[in-house]
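Q: Going down the list, the sequences are from chains A and B.
Under my numbering, the final residue of the first sequence carries the number 221; numbering is consecutive throughout.
Under my numbering, the final residue of the second sequence carries the number 1042; numbering is consecutive throughout.
Source of the hints: derived by calculation from the structure; they are not laboratory data.
Bear in mind that the values here come from a model prediction, so they are computed numbers and not experimental data.
From the three backbone atoms N, C-alpha and C, an ideal C-beta is built for every residue, glycine too.
Treat each hint with caution, since some may be false.
[To be verified] Example chain A residues on the side facing chain B (calculated, C-beta under 7 Å, incomplete):
{"hint": "1", "residue": "Y173"}
{"hint": "2", "residue": "F199"}
{"hint": "3", "residue": "S206"}
{"hint": "4", "residue": "S207"}
{"hint": "5", "residue": "P209"}
{"hint": "6", "residue": "D214"}
{"hint": "7", "residue": "G215"}
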Amino acid sequence: TAGITQAPTSQILAAGRSMTLRCTQDMRHNAMYWYRQDLGLGLRLIHYSNTAGTTGKGEVPDGYSVSRANTDDFPLTLASAVPSQTSVYFCASSEGSSQPQHFGDGTRLSIL
Amino acid sequence: RKEVEQDPGPFNVPEGATVAFNCTYSNSASQSFFWYRQDCRKEPKLLMSVYSSGNEDGRFTAQLNRASQYISLLIRDSKLSDSATYLCVVNKEVTGGGNKLTFGTGTQLKVEL
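Please model the complete structure; the sequences and the hints are all you need to start from.
A: Put into C-alpha cells, the structure is as follows:
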C-alpha cells in the first residue's frame, strides 16, 4: 500500500525560480496538509484542505499556494523561491480534520 | 503561552529505564490528543492516541489530565530503538468550524547502553 507519496525526495533550486512539490494519497482521506519543519521550530502548517475543492491558510502561508482539484492530490507551489524557504516539507492526510494524520516521507528543499 | 509545550530534552536514559514526558496545552476545549514519534530526518509517525481514561500499548502508556491540561507518555523498559523525538499533538477548533492539529516541537529521547 503506497499511502501518501511525495515527490521529489530532494531538490536544489535557484532563488527566484518556481517549484511545485507533489503529494498524492491513495487512502481516500478527506483532509490533506502541508507542513514545513525547521530545526528548533517543529512542524508549522503552511496550507490545508478539509475536502476536495477547498483550501485554507495555515500559520505560515506566505509565498506558497495550493490546490485541491481532487481527493488524491494536493500540490504545493512556490511561485518565486527565496532562501528562507529552505526546509523539509511534509505532506499529510487524515480521514477528518481531528483525526490522526499520516505523513509522506518529506521533500528536502534547498534554495540557493 | 504556546498552544502546545514540551520540554525539548534531551532525556538521556540507560537501556531498561522507565522515562516519562509531559506536554501541556493551552486550549481547554481540545478534544483529540496524540503522541507521534519522529526519527532523525524522517517523517513523523503516529505512536498512539490519548484517551480520557488513559491507554496502554505494550511498553507505552498515555495519560490525559484535563484539569491541569497536560498529557503524558510513559515508556517502560526503554530500548535503544526507542531513541527518537516524541511529538505531542493536540486538536484545535478553527473559525468556521472544523479542527486542526497543533504539533509540539518535540522531546528528544536518547537511550544508551
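Q: So, for every hint listed, does it hold in this structure?
A: Against the structure, the hints come out as follows:
1. Y173: Hint on Y173(A): violated, closest Cβ of chain B at ~16 Å, above 7 Å.
2. F199: At 6 Å from the nearest chain B Cβ, F199(A) passes the 7 Å test, so the hint holds.
3. S206: Constraint on S206(A) satisfied, holds at 4 Å.
4. S207: At about 4 Å, which falls below the 7 Å cut-off, the nearest Cβ of chain B leaves the hint on S207(A) intact, so it holds.
5. P209: Constraint on P209(A) satisfied, holds at 5 Å.
6. D214: Hint holds; D214(A) Cβ to chain B Cβ min 6 Å, cut 7 Å.
7. G215: Holds, about 5 Å.
Of the numbered hints listed earlier, the single one contradicted by the structure is hint 1.
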